[in-house]
Every structure is written in structure tokens, then in C-alpha cells.
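Visitor: One-letter residues, chain by chain:
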Amino acid sequence: MKNLLVVLIPLLPLLGFAVSGLFGKRLGKSATGLLASGMVLLSFLCAAALAMLHFRTGDSAIVVNLFSWIRMPGLSIPMGLLVDPLSLMMVFVVTGIGFLIHVYSIGYMHDDDGVARFFSYLNLFTFFMLVLVLADNFAVLFIGWEGVGLCSYLLIGFWFKNHAFNGAAVKAFVVNRIGDAGFLLGLFLMAMTFGSLSFAEVFSRAASFGSGAPAITLITLFLFIGASGKSAQIPLYTWLPDAMAGPTPVSALIHAATMVTAGVYLVIRSNALYALAPLTMAIIAAVGLATAIWAGLIALSQRDIKKVLAYSTVSQLGFMFLALGMGAWSTGFFHVFTHAFFKALLFLGAGSVIHALSGEQDIRRMGGLRKALPVTYATMLAGTLAIAGIPPFAGFFSKDEIFAKVFEHAPALWAIALAGAFVTSFYMFRLFFLVFHGEFRGDATAKHHLHESPKVMTAPLVVLALGALGAGFAGLPEIFGAPHWISDFLAPVTGRGESHLSHATEWMLMGASVATGLLALLFAWVRYGVKGRVPAEDASVTGVARWSLGKFFIDELYDRAIVKPLFRFSAWIHDVLDRRGLDGAVGAIAGISPWLGQQVRLLQTGNTAFYLFAMALGVFLILFVATLR
Amino acid sequence: MSLYLILSILGALVLLSSLGRGKRLVVPLAIAGLLGALAVTGMGLGLDHPLLKGMAEFDRYAVLFSCLLLVLGTLVVLLLTNPNERSDIPRVEMAALLLFSLTGGIMMASFAHLVMLFLGVEILSIPLYILAGARKRERAGNEAALKYFITGSFATGFLLFGIALIYGATGSFSTRAIAAWAEANPAVFTPMFHLGLLLMLVGLAFKISAAPFHFWAPDVYEGSPSIVTSFMSTVVKVAAIAAFYRLFSEAFPAAADAWSWVIAAVAALTLAVGNLGALAQRSFKRLMAYSGISHAGFLLLALLSVGPGSAGALWIYAAAYSFATLIAFVSLLAVEAAGGGESLEALSGLGRRNPFLGVCLTISMLSLIGVPPLAGFFGKLFVFGNAVSQRHVVLVVFAVVMSAVGMAYYMRPIIQTWLRPPAGSPFQLSTSQAWVLGIATAFVVLLAAAPVWVMRFL
Numbered sequence: 000m001k002n003l004l005v006v007l008i009p010l011l012p013l014l015g016f017a018v019s020g021l022f023g024k025r026l027g028k029s030a031t032g033l034l035a036s037g038m039v040l041l042s043f044l045c046a047a048a049l050a051m052l053h054f055r056t057g058d059s060a061i062v063v064n065l066f067s068w069i070r071m072p073g074l075s076i077p078m079g080l081l082v083d084p085l086s087l088m089m090v091f092v093v094t095g096i097g098f099l100i101h102v103y104s105i106g107y108m109h110d111d112d113g114v115a116r117f118f119s120y121l122n123l124f125t126f127f128m129l130v131l132v133l134a135d136n137f138a139v140l141f142i143g144w145e146g147v148g149l150c151s152y153l154l155i156g157f158w159f160k161n162h163a164f165n166g167a168a169v170k171a172f173v174v175n176r177i178g179d180a181g182f183l184l185g186l187f188l189m190a191m192t193f194g195s196l197s198f199a200e201v202f203s204r205a206a207s208f209g210s211g212a213p214a215i216t217l218i219t220l221f222l223f224i225g226a227s228g229k230s231a232q233i234p235l236y237t238w239l240p241d242a243m244a245g246p247t248p249v250s251a252l253i254h255a256a257t258m259v260t261a262g263v264y265l266v267i268r269s270n271a272l273y274a275l276a277p278l279t280m281a282i283i284a285a286v287g288l289a290t291a292i293w294a295g296l297i298a299l300s301q302r303d304i305k306k307v308l309a310y311s312t313v314s315q316l317g318f319m320f321l322a323l324g325m326g327a328w329s330t331g332f333f334h335v336f337t338h339a340f341f342k343a344l345l346f347l348g349a350g351s352v353i354h355a356l357s358g359e360q361d362i363r364r365m366g367g368l369r370k371a372l373p374v375t376y377a378t379m380l381a382g383t384l385a386i387a388g389i390p391p392f393a394g395f396f397s398k399d400e401i402f403a404k405v406f407e408h409a410p411a412l413w414a415i416a417l418a419g420a421f422v423t424s425f426y427m428f429r430l431f432f433l434v435f436h437g438e439f440r441g442d443a444t445a446k447h448h449l450h451e452s453p454k455v456m457t458a459p460l461v462v463l464a465l466g467a468l469g470a471g472f473a474g475l476p477e478i479f480g481a482p483h484w485i486s487d488f489l490a491p492v493t494g495r496g497e498s499h500l501s502h503a504t505e506w507m508l509m510g511a512s513v514a515t516g517l518l519a520l521l522f523a524w525v526r527y528g529v530k531g532r533v534p535a536e537d538a539s540v541t542g543v544a545r546w547s548l549g550k551f552f553i554d555e556l557y558d559r560a561i562v563k564p565l566f567r568f569s570a571w572i573h574d575v576l577d578r579r580g581l582d583g584a585v586g587a588i589a590g591i592s593p594w595l596g597q598q599v600r601l602l603q604t605g606n607t608a609f610y611l612f613a614m615a616l617g618v619f620l621i622l623f624v625a626t627l628r
Numbered sequence: 000m001s002l003y004l005i006l007s008i009l010g011a012l013v014l015l016s017s018l019g020r021g022k023r024l025v026v027p028l029a030i031a032g033l034l035g036a037l038a039v040t041g042m043g044l045g046l047d048h049p050l051l052k053g054m055a056e057f058d059r060y061a062v063l064f065s066c067l068l069l070v071l072g073t074l075v076v077l078l079l080t081n082p083n084e085r086s087d088i089p090r091v092e093m094a095a096l097l098l099f100s101l102t103g104g105i106m107m108a109s110f111a112h113l114v115m116l117f118l119g120v121e122i123l124s125i126p127l128y129i130l131a132g133a134r135k136r137e138r139a140g141n142e143a144a145l146k147y148f149i150t151g152s153f154a155t156g157f158l159l160f161g162i163a164l165i166y167g168a169t170g171s172f173s174t175r176a177i178a179a180w181a182e183a184n185p186a187v188f189t190p191m192f193h194l195g196l197l198l199m200l201v202g203l204a205f206k207i208s209a210a211p212f213h214f215w216a217p218d219v220y221e222g223s224p225s226i227v228t229s230f231m232s233t234v235v236k237v238a239a240i241a242a243f244y245r246l247f248s249e250a251f252p253a254a255a256d257a258w259s260w261v262i263a264a265v266a267a268l269t270l271a272v273g274n275l276g277a278l279a280q281r282s283f284k285r286l287m288a289y290s291g292i293s294h295a296g297f298l299l300l301a302l303l304s305v306g307p308g309s310a311g312a313l314w315i316y317a318a319a320y321s322f323a324t325l326i327a328f329v330s331l332l333a334v335e336a337a338g339g340g341e342s343l344e345a346l347s348g349l350g351r352r353n354p355f356l357g358v359c360l361t362i363s364m365l366s367l368i369g370v371p372p373l374a375g376f377f378g379k380l381f382v383f384g385n386a387v388s389q390r391h392v393v394l395v396v397f398a399v400v401m402s403a404v405g406m407a408y409y410m411r412p413i414i415q416t417w418l419r420p421p422a423g424s425p426f427q428l429s430t431s432q433a434w435v436l437g438i439a440t441a442f443v444v445l446l447a448a449a450p451v452w453v454m455r456f457l
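Chains A and B supply the protein sequences, listed in that same order. In this text, residue positions in the first sequence follow numbering that gives the first Met the number 0: the first is 0, and each later residue adds one. In this text, residue positions in the second sequence follow numbering that gives the first Met the number 0: the first is 0, and each later residue adds one.
Think of the hints as simulated: they come from the structure by calculation, not from any bench. Backbone N, C-alpha and C fix where the C-beta goes; we use that ideal spot for every residue, glycine too. Some hints could be false.
Stated by the list, open to error - From the derived model, a few chain B residues whose C-beta atoms are all more than 10 Å from chain A:
no., residue
1, 11
2, 38
3, 136
4, 166
5, 175
6, 180
7, 189
8, 197
9, 261
10, 272
11, 275
12, 276
13, 393
14, 404
15, 430
16, 456
As the list claims (entries may be wrong) - Have a look at the derived ranges for each label pair, beta carbon to beta carbon:
no., chain 1, residue 1, chain 2, residue 2, range
17, B, 403, A, 75, 22 to 32 Å
18, B, 445, A, 2, 55 to 65 Å
19, A, 491, B, 444, 57 to 67 Å
20, A, 21, B, 163, 21 to 31 Å
21, B, 163, A, 627, 18 to 28 Å
22, A, 176, B, 7, 53 to 63 Å
23, B, 403, A, 21, 53 to 63 Å
24, A, 469, B, 434, 51 to 61 Å
25, B, 7, A, 604, 16 to 26 Å
Input sequences plus hints: build the corresponding full structure.
Guide: What follows is the structure, given as C-alpha cells:
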């Protein structure tokens, strides 16, 4: 029964993919949407049933081995699924938030011709994401990893008739390949070192290596390269903002709530390895913090509503990695959990705004939408308060916990992170006030057209807003005296973190972060709410702001330093090595093969006597050589 | 024994049913019987019990190959029901002959005695000589039948002479006794034993159409009705390689030095002839004939590396090859029925004329190339892997180069199917063709999940 439930969790969305992919056109738009959403809901319910049946009894994990997938001497890899507290929580996030986004998409994609294709991809994505989180070894995890990547490219390029969007899909593909190469190297090294890829075996065998063993440091570094590709960390973050070319529900599901957190999940899952690699941990913390600040600075002056949110996702992922770098596994996961709610909410709200403006994404053409879109306004406010870390919204609790852990390890980093939190709060409220307050800045037709989104879109917003309000209570700080539910639940996987801070310090930290958030809110309010400032046209931006607007010209740097030289190198290879060298050789072989083929064909005379003669000759030759030997 | 009996009686019943008005029942009867036989075999009834006083034995190897042969046989018989097929073929007699031939094939997979091997080869072949000329008014068919008969008899002569010499040398027909004798007298391989061994090898090499004993194959394949060709290139090839492997791994493992170099040379020559020959073909049917030759070369590689896992590798390769080949022949049958010929051009635009067929054919060709994750890839992976572990590195490199050549000609049907304008209007597959295509394609795709299971079963 339990095993069946475990298998059903990923299988149902796969079924949905098959049905809507094959028969979607025949089913019609609304039926396809309902079917796809229903499958995700069913798999959420399976997970819920599993939680009821199993985890109340106190056991910590279920392993289901479907079949033996690869078996070679020295390495055997089963197609195994693992349900433990960590994967179960991820399943809840993926299917729960996934379901809401599916429902929202029914409204959002209503006028699109490719609805069936869209939902089939979305279901396929859910399937692979579930494989990723349910995998019980690194190889199966890698299947999911590649699968979600594939779906992500398919969905970024969903409107494939637009060439720029294809470019974004290709960029996501290439950048992710770099990360995946790292991941694969890590897997090979792991298979060589431990002779296994199963979580349980790798982690137990790793324990016999001491802390800081070179093999483990190398493996964890490679895995982190993979993680930073998927989770858009420096230097591999550039693909995520471009990925916003996809439909907004895709941005919400894949590029905010679930897929991009796969890298964080990977590190949490392998915490037993990372705990043995202090060097890697330091690098993760540094990269995470740098990304958090860097992306926040870029977000400050973006004009595209989705780009702001994209950079904010990159920045929030940075905070998650910062927590992981401190060894605070459950804290990192807590932020994944709350972030999934409020970032999905923000994206879907942005989608609702874009929907109301018939596709406009530039915040300079928005403003004053509060009255026309009351539900979107209220829910977006909840999301913004959550990400800015204003209590009692979800982001406050998870971010505060991260900051406490950072302070415990390195107060200097804490100060930088606090500056990051200020930036976050500022750019989010800048966005919020520019979109919803002040006067409408679009043209008259757009103004006339303004409308609140249909219920099928606003209902998920409301549910997510409740999540953004309430998700934080799953992990109340210790000083509140309530149990930290998330960290207790994850304890079998992540171990239990101990806090050494005194209560007074914790209150102080909490006060500092709340004050920072509120201060930023105030600044943004004065600047964009009261004074009604609007971002200037591109040409008139100078100084530091120009750098921020230009995303620090990292794309251009990559283009000059890597892409163009590579193309030039490739052209050189093509000219010199390929055309003059290899082509000659291959050409000779290719030329000779058909000639030989003709000779073989000519032997085939149709004359039976010749055939018999040839056979006899063959026998004679064999016997002749046999006597010589 | 039960399996031999079931199939022979089934064949006789099919013939009898044609006397009355039961003609329509022939194929359903044959299919039902075959499925029954498959169930009996698949359940492993009588597993490992010596039959006929030790002349045959249904061990795991035999069961696995028998199942494959029965599935393939069932699919080919199913094709006989196709109403689009030209009416000048005697369906009843063909069904019966196919069943008899299949019986021979199963004997070849389960023999433990050289007489049973010989009987199997002959029971397999004689119905085929007739089947090749099933269209008795067609000159090409007559020529194919006669050519097949003459060259086949010639090869049988070698086989029989080889068996006689082996008996003379060892005093036994039983594969176990022969193996024991070879084990006991490692130093004194008498010329008689040696000669017998090589002559048997030649006889069986003919049956799998390995070079230089392959000349009959393109002509016979082309001249026979396509249904018969599909049977020859799947059931016959699988039965022959099963017998080949069974004989050499059970009777002659101790004498490996005496035969492995011959197999290596024959395999290399076969790979070259099959792949290079296929390049020059303009007819899809002949292309598939050469493809059959080239895969005989790959199959011989498995024979070359007898050891743990090699039987499984052989089975996977044989299954992957034969299901993909069956798809190709169903495509050919469907295109012929829709008015096209046997040339590659007849396939052009197939993807638009019948998308399902186009997709199946593409999967089949990709599997024959060895593209992962299709069955053909795993076949090549295991066969090459085994061969490398037995230090046949040069041969494997050559085989890899030859499979790259293979890509050149297997891509041609795919290109015709998808990138050329349609050669005719869209057409429908008959129900039986659609079923055969679906089942065979499912095998090509799903066998990728089977390797571990097969290896464990053996």
C-alpha cells in the first residue's frame, strides 16, 4: 500500500503528461487543464495519505526499489525511490504549489493555442521534479535533474516563434550544461571513491573518511558546481533572468518555487558529505552571500516586472546557500519552503498584472493598479511583506533564522547579509509602489482595458497569500518557546542544529532585521510612493545606477571573454583542423566505402555456381589456414 | 518435448483445417496455438528436464530463445491475416510451413545431441525452401527457392560431414560427452576432430549468412515474398545463432583455440561485407538483407566471447535486431500493399502518409544503428563489452567503425520517411500490421529495461 502510494506520486503526473500530450487537442482546453491539475492534486493527496499512514508511526524512511537499472561489476544502481522527511516535504512543495500554479495556468493560458502542449510539458516537469526529490541515489536524481532541465528549456522556448525566446532557451541550456558537467564529474568521482551512488551507502562510507579528505572536498565541489548551475549562483546565474521569456506560470513554478531550488536540495541531501568538507562549505557561503548581494543590486534598477522578480529569486537562492554554508541544513530548507510560497505568489501576481495590461511588463507603464486589481494588490502586498522579512509573514522567520546562524559563525558576514536584506526590501517595495500606487502611466486604451483576473487565477493567489502569511509558523524561533516544527521533522535527515546564542542576542538580531526591512520600506515609500519618482529612461542613467541597470554587464563580459573567443576558436578549428586535416582523412574513408560497397555488390552476380564456388573457396581457406597453424 | 509436439500437431491441424471450410480459422488457430506454446514455455514447465533420453534439454537458455522465437513466429503468422496482402499466396499452407519451420528453430535452441541439431536445421530449412517459392508463378520466387535449396543443401553437406567426423573422433553425439572428451584430451585434437569442428562451423555460418557463406542471402531475401523474408531474417537468424552459440559453448569450449580465430575472421569479413554492401543498395529489401548479414557479424562477436553474461548479451542483441528488423519488413509490406515498390524511394514521405508507421520505422532504424536508449544500443553495449573483456579489442574497434558505416545507410530510410515529399496518398495499416508494429516497437523500446532481468534469468 505504502509502496504503491510512493510509486503513484511521480506516476500520476507522467500519466497526465501522456494523456494531455497525446489527446490534448481532442480533449479541449479546459478538460486538459483540469486533467493536468487533477493529476498533480492526486499526487499531492497520495503524499498526504503517505504522511498520515507512515510518518505518524515514527519511522523515518521508506525505500522502494522498482527494478535494478544498471548492474556492472563494482557498481549497481537500482531504480529506487526514497521517501524520508526531506523528500516528503519537497513533494508537498512541488505538488502543492505546483497544483495551484496549474490551476492558475488554466486562466492564464486560456487564449493560447498551445494549451495542450503547455500542460503536457508542465505535467512532465512535475514528474521529473518528483523523480528528482524522490530519488534514492544520485543516478536517479540525475535523471530528474536532466529531466527538469529539459522541461525548463521546452517551456522557456514555449513561444518558439519568438526568436529572442529561443535564444533564452539556448542560453539556459548551455549554462546548465556547464553545471551538469560538474555534477557528472562529481558522480563519476563518487562512484570511483565509494563504489556506489546510493545515498545511504555513500553517506555511511564517507563517514570513514576524515573531515577535509581531498576526495570528498573534490566531490562536494563538483556537486556544488552542478548546484550553482541549476540554482543560478555566481558565476552561472545569467540564464535565469533570461528564462523569464517563458510564460509567467512557468517562471513561478520552475524558475522560482521548485526547479531552481534543486541545487539547494542537492546540497541538503548530501549534507553528510558537505559536513566533511569545510573548504567547500566556506566556498558555498561566500558564493551564496556574494550572489545574494550582487543580484539584489541588479534588481534595484530593473524595469521589467519579471526581471526584478528573477533577480530577487537569484538573490534569495543566495541566502539559502549562505545558510547551507553555515551548516544550517534545516534552516536552508526552511527558506526554500517559505520562499516557494511567497515567490510563487509574487510571480503569479505579476502574471495577473501582465494579464490585465495585455502583456505589458515594463513597470514604468504601470502604476495605480490598486483600484483595478484589488485581489492582486492585496495578495502581492502579502508576498512583498513576506520577502521583505516583515513579521509575521513567512519570510521573516526563515530569513531571521538564517541571519541568526550567520551571526553565530561570523558577525562580519551577518552585517553584509543585513545590507542584502535592506536591498531586498527596498527593491521589492519599489516594485510594489511603482505598480500599484501613484497614477496609471500607460496609455488610454490600456487603461480602459484594465481588469481583475478571473477567479481561476485569483483563487490560487489567495491560497498562496495565506501560505506566505502562515508558512513561517512551521518554524518559530526557539525564543518563542514553540516547537520548531520543520527542524524537528527534518532531524532524521539533517541532524539537529544547536543554537548557542543567548536570548538577548536573538532578540537584538530579530530587531535589527525587522528594523532594516521597515527602514527600506520607508525609503521606498518616500521615493516612489510620496514623491512619485519613476525610473528614468535608459540613456539618462549614469554612474553606479547605470551599472546596476546594465546588470553589471556580466552578459557582455561573458560574451566578450568566452562566447566570442569560443566562436573564433571554433571557426579556426573548422578551417584548419577540420577542413584541411580531418575532412581529408574522413573524405578518403567516405570515398572508399562506397567504392568497396560497389565491389561487394559486383560480387553478387546472381550466379549460383559462383556462390557455391565462393563458399567452397571460403572452406578451403579456413582449412588451409588451420593446417598452417 | 511437449513444445515440439504442440507445434507439430498445430501445424498438422492447420493443414487439416484447410480441407473443410475452416480456412478462415487457420490463422486464429495458429495464433492461439502459438500463444499457448508461449505460455507453456514461459511458465518454465519442464525446465531443465532432459527430453527424448537426453537428446534435448529445455534449460534456461533454451527457454529464453524459444520464447523469443515463438513471439517472432506469432508476429509473422499474424501478418498472414493481412487482407491487403496480394492474394496469390497460399495462406494455409504458408501458416503450416511457418509452424513446422518454427518447430525446427526451437529444436535448434534446445538440442543436446548433434542429431537433434541436424534435425532442427533441416526441419527449419526444408519448409523455407518451399516458402521462398510461395508465389509459384513468379520467376523471381522460383529462382530464389532453387538458389536457396541448392546453396542450403551444399551447406547441409558440410554440417553433416562435420557431425560425422566429430562422432568418429569422440564416439558420441551428445554435446556433454563431446565436451568431456575435448576436456580430457586437450593435447591431442585429432585432425578428424579438428576438421569436424570447422566443417560444422561452416554449416552454421551459412545459416546465419556470415561471409563468405552469405551470397545466397540478398538474392533469396529479395526473391521471396516479403512475409517469408521477414521470417528468414528474424526467426531463422535467431534460431541459427542460438544453435551456433549453444553448440560452441557447450560442446567445444575446451577447443576454443581451434575455432575462435575462425569466428573472429568470419565476423570481421561479415561486418565488412554486410555494412559496405548495404551502402550500395537502392532497394530497401536488399538493404535489409545486407543489414541482416552485418548483424550476423555482430552476433558472432558474442559467440567469440563465451563466458558469464555472453549468452544474455547474445539474446538481447538477437531480440533487439529481430524486432527492429520485423518493423522494417512490416513497413515494406505496408508500402508494397499501398502500391509502392521495394525501392528506398517508395518510403519517401512515409511520415506524412502514415505517421505511426513513420515513427515505428524510425525507431527501428535508430535501434539498428544502436542509438541509446533503444534495445539495439544495449545489445551492442553488452556484446562489445564482453568482447573487450575477452581482449578482442582490435575486432571491437573494427566493429565500431563498421557500425558507424551502418549509420550511413540506416539513416537513408529515415531521411526518405521524413524529409522527402510523399510518394503517394496517406494510407491505413491493416489491423494485424498495426498490432505487429505496435508490439515490435514496444519491445524495441522496452527491452532497454530488460538487460538485468535477462542476465539474472540466465
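Visitor: So, for every hint listed, does it hold in this structure?
Guide: Hints versus structure:
The claim that residue 11 of chain B is not at the interface with chain A holds, since no C-beta of that chain comes within 10 Å of its own (minimum 33 Å). Listed as a non-interface residue, residue 38 of chain B keeps its Cβ farther than 10 Å from every Cβ of chain A; the least gap is roughly 23 Å. Once the 10 Å rule is applied to beta carbons, residue 136 of chain B is consistent with being away from chain A; the minimum gap is 20 Å. With 10 Å as the threshold on Cβ separation, the claim that residue 166 of chain B sits away from chain A holds: the shortest Cβ distance comes to roughly 19 Å.
Every CB of chain A is more than 10 Å from the CB of residue 175 of chain B (nearest about 25 Å), matching its label as outside the interface. The claim that residue 180 of chain B lies off the interface holds: its Cβ sits roughly 19 Å from the closest Cβ of chain A, which is beyond the 10 Å cut-off. No Cβ of chain A approaches the Cβ of residue 189 of chain B within 10 Å, the least distance being about 13 Å, so the stated non-interface status holds. The claim that residue 197 of chain B is not at the interface with chain A is violated, since a C-beta of that chain comes within 10 Å of its own (minimum 6 Å).
Residue 261 of chain B, annotated as away from the interface, has a beta carbon of chain A within 10 Å; the closest lies near 6 Å. Under the 10 Å C-beta cut-off, the non-interface status given to residue 272 of chain B relative to chain A is violated; the minimum distance is some 6 Å. Residue placement check: residue 275 of chain B does not keep its beta carbon more than 10 Å from all beta carbons of chain A (closest about 4 Å). Residue 276 of chain B, annotated as away from the interface, has a beta carbon of chain A within 10 Å; the closest lies near 4 Å.
For residue 393 of chain B, the condition that its CB be more than 10 Å from all CB atoms of chain A holds, with the nearest at approximately 17 Å. With a least CB separation of 6 Å from chain A, residue 404 of chain B falls inside the 10 Å interface cut-off, contrary to its annotation. The claim that residue 430 of chain B lies off the interface holds: its Cβ sits roughly 20 Å from the closest Cβ of chain A, which is beyond the 10 Å cut-off. With a closest Cβ-Cβ approach of about 12 Å to chain A, residue 456 of chain B is found to remain outside the 10 Å limit, as its non-interface label requires.
Against the hinted window of 22 to 32 Å, the Cβ-Cβ separation of residue 403 of chain B and residue 75 of chain A comes to about 31 Å, which satisfies the hint. The hinted range of 55 to 65 Å is not satisfied by residue 445 of chain B and residue 2 of chain A, whose Cβ atoms lie roughly 22 Å apart. Between residue 491 of chain A and residue 444 of chain B, the C-beta spacing of about 39 Å breaks the proposed range 57 to 67 Å. In this structure the supplied range 21 to 31 Å is violated for residue 21 of chain A paired with residue 163 of chain B, their Cβ-Cβ distance being about 60 Å.
Take residue 163 of chain B and residue 627 of chain A: their Cβ atoms lie about 25 Å apart, and the range 18 to 28 Å holds. The beta-carbon spacing between residue 176 of chain A and residue 7 of chain B, approximately 59 Å, falls within the hinted interval of 53 to 63 Å. A C-beta distance of roughly 35 Å is found between residue 403 of chain B and residue 21 of chain A, which places it outside the suggested range of 53 to 63 Å. At roughly 55 Å, the beta carbons of residue 469 of chain A and residue 434 of chain B sit within the given window of 51 to 61 Å.
Taken as a hint, the range 16 to 26 Å is violated for the pair residue 7 of chain B and residue 604 of chain A, whose Cβ atoms sit roughly 39 Å apart.
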